[in-house]
Amino acid sequence: MVTTRRGFIARASALPLGFGAMREAHAQTPPITIALAARSPTGLNPQQTALTGGDAWAIRQIFDTLVKPEDGTFAVRPEDFRPSLAESWESSPDARTWTYRLRRGVLFHKGFGEMNSDDVAFTFARHLDRTIVTNQKALYSNLASVEAPDRYTVRFQLHRPDPLFNGSMVSTLSANILCRRAFEERGQGFNMDPIGTGPYQVDSVSPTQGVLLSAFAQHFAGVATSPVIRVAFIADTTARTLAFASGQVDMIEGVRQPGWIPTMRGRAPQTIFDATAPGSFNTLHLNLTRAPLNDLRVRQAIRLAINNEQIAAAFPGLSVAMPGIIAPQFAGSVRPQDLPEALRYAPDVRRARALLAEAGHGGGLTIPCFTSQREDYASIMLMIQEQLRAVGITLAMRIIDHATMHAENRRDRNSMTLYSSSYPPVPTQPFLQQLLSSAAVKADGTGGENYSHYGIAIPGIDALIERAQDEPDFERRIALIQDIEQQVLRDLPLLGIVTLSYVIARNPRIDLGFTVRSGYAYWPLNRARRV
Amino acid sequence: MLRMFGARLLDAVPTVLLVLTLVFIALRLLPGDPALVVLGDYATQEQLVLFRAQMGLDQPLWWQWFAFIRDMVTLDFGESMISRQPVGALIAENLPYTIELTLAATGIGLILGIPMGVLAAVHRNRWPDRGARVFSLVGYAVPDFYLGALLLIVFALNLGWFPINGGGVAFWDRMYHVALPAITLAMVKTAFIGRLTRAALLETLSRDYVRTARAKGGREPRVIARHALRNALLPITTGLGLSLLATLSGSVAIELIFNRPGIGEVLISAIAKRDYPVIQGGVVVFAFFVVAINLIIDLAYILIDPRLRVQA
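Residue numbers (this note's numbering), protein chains in the order written: chain U, 1095 to 1625; chain Y, 15 to 326.
No wet-lab data here; the hints were simulated from the structure.
Wrong hints could be hidden among the right ones.
[Unchecked claim] Sample of chain Y residues facing chain U (criterion: CB under 10 Å; computed from the structure):
no.: 1; residue: Asp-55
no.: 2; residue: Gln-99
no.: 3; residue: Gly-180
no.: 4; residue: Phe-272
[What the hints assert, rightly or not] Cβ-Cβ distance ranges computed for the label pairs, FRET-style:
no.: 5; chain 1: U; residue 1: Glu-1208; chain 2: Y; residue 2: Asp-72; range: 40 to 48 Å
no.: 6; chain 1: Y; residue 1: Leu-173; chain 2: U; residue 2: Ser-1235; range: 51 to 59 Å
no.: 7; chain 1: Y; residue 1: Leu-173; chain 2: U; residue 2: Asp-1297; range: 27 to 35 Å
[Stated by the list, open to error] Chain U is nowhere near these chain Y residues, computed Cβ spacing over 12 Å in every case:
no.: 8; residue: Thr-88
no.: 9; residue: Tyr-111
no.: 10; residue: Trp-141
no.: 11; residue: Ala-227
no.: 12; residue: Val-305
no.: 13; residue: Leu-309
Quick caveat, the model's predicted, so the values are computed rather than measured.
C-beta atoms are modelled at their ideal positions from N, C-alpha and C, and glycine is treated no differently.
Using the sequences plus the hints, can you model the full thing?
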């Protein structure tokens, strides 16, 4: 085609009209959109590793688990769970055999047929298979076998009793039920085009649009209120905030650093903040193999110097002080008023100084450590650094790249390690991961995440946790967990600091259909609507 | 000319090999274990070992290097450790957005920068020149991430003329989405090209052949365009090539602020997650662009300067 001067001018003058047309297209009613802090979707297969929070949001809409908590809550006790793909379940008296009766007529998306016990067994068998890398594998270490005696019955056999099996394995992200046929047919393609039974099915996945989901008309619980949901990915905080302020997106993932919510409130006072509780557990490991942290008096001084309430107050509405290792919202946690006076550790600078003097550090001491540059880690550790300065402890702290911090921690190179992790409401989990002697960190990187060497450097809680793990009765197990909490408070290898909620800023024009009180860092959007 | 082309390509081979080796070594020296990043808190030790074996991370370094070079030579970039997507597909998906942004910004920079430089040189030390110098100073001084945020707030958030973020889908949509980021990047490009043009033109304007052209009665615009500017194009072309490379690799801040897909953003994210195959694939692409743009510059020299054509 020959380009004439007139033709060129005509096309050039049409350019603004083209822009106008695009603006008009963009002005049409958009789907309900949530923007998460990630670059792009990693994948939508719940068993895939390295999933981001954004992926988890999409997965929650696409799949279902056998049981679930009430929307907007965590199920922290056995009676808190509600039916989902399973309509009933029972456990043996020793809490080692769990049997689920599946709901009949539950369909997979896009014509993949009825979900049955074979799909459930397939899903969990993948976690059992040691030759396959699957997400959250450690959560399934107590699973001995899974079988499907008939089309609508699934039976799990556990190595040890678990009265909260529904919380520890059945309702987590990686326990969402996969469609076996789709998984085997699509192979790697399943990651970006998965088939589930959830209220939404995948329409498209792209780096620019994110994940577009449309309501699944045959969902067993009824059709979702909003016909289309978009899970968008905006990594940069400024870009995400501007997208929210412009109304382009309806919900955005918040930033867990002091001052973010007040700033947002200043900009848009009507904004609703949905925060999960507890969110992440932030704990501080004191390396017992290194002086002066091997001295209990120094550890007690550190405990007395760190004011958890003050740190929590820096994150208004998002944080709660942790008296022990279990978050106050979970069963098994301890309350200061229930503890002996000596284990309450109310902040006391004078007593902390006296303990340091008694330990031979009256002139002050310096502890080298490092932490991550991620905003939550850096904010908390900087506050701890200031609080310790007040009693004469100088934290010679380096702030380093997040991946580097994890790698260096795993090589036992840190003296004071801030650890942030979200847990299911299973009270044994934080102890198994952070305090068991078999999880002790090793210099060659082959150890676990017990960065204090508790149970190795000094006697730990191994025997107590064994007893708790063998206890089939939930109430008795909780009592044992509280004993463990007290033991840890006596030895102070690990200090509970604060919980930090995951927060979503929501435009008031969106009604979720329930109130977010607690739960994982994602929730269902099938009842969400514009108001 | 073909021989020159071939020689340049051959020259590029050791350069690319060296770059690849340096990247390989740098990645392995960087603290951080991809297995820990990928598998997260709930990984068992057994899973970590299995993952490292699957990714070949448990092999001796020399073996990993050979495998890496072999794969690169056969253009097999492997798959991302994080998403398990083929790296080639990931690059193919994101690279067009970076190229589109680079070309748009450079285009705007050329359209505005060359006339600005010409005006400044022709009116040396008068108000157009002073104005151009002030603009250049501002263009250099204001960081692009700050300017980007400012333009976003004014033109996208408050006035609603442009989209807040994204890369667009169809042609017009993509043009609509690239406009504001391109304008942001074009600010510094205009300043750079304007200064370059001014300096080069000032030099050629004082040459004898320009004086001769004027003495022969040539009209001033023609003298400037045909005699002065054409001879000033060599340094401008060199500068333009460098500027193109800088934008290709350095537009990541703009990609982040405007939430555009792009290769820079993919690479930064891969570095944070120690996703070795993606980093390596991305660096190969950049190395390719360095070689390609240098070749294009050489060809442009020949087109601009007939003397080089004879030598070639």
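*Which of the listed hints are broken here?*
9
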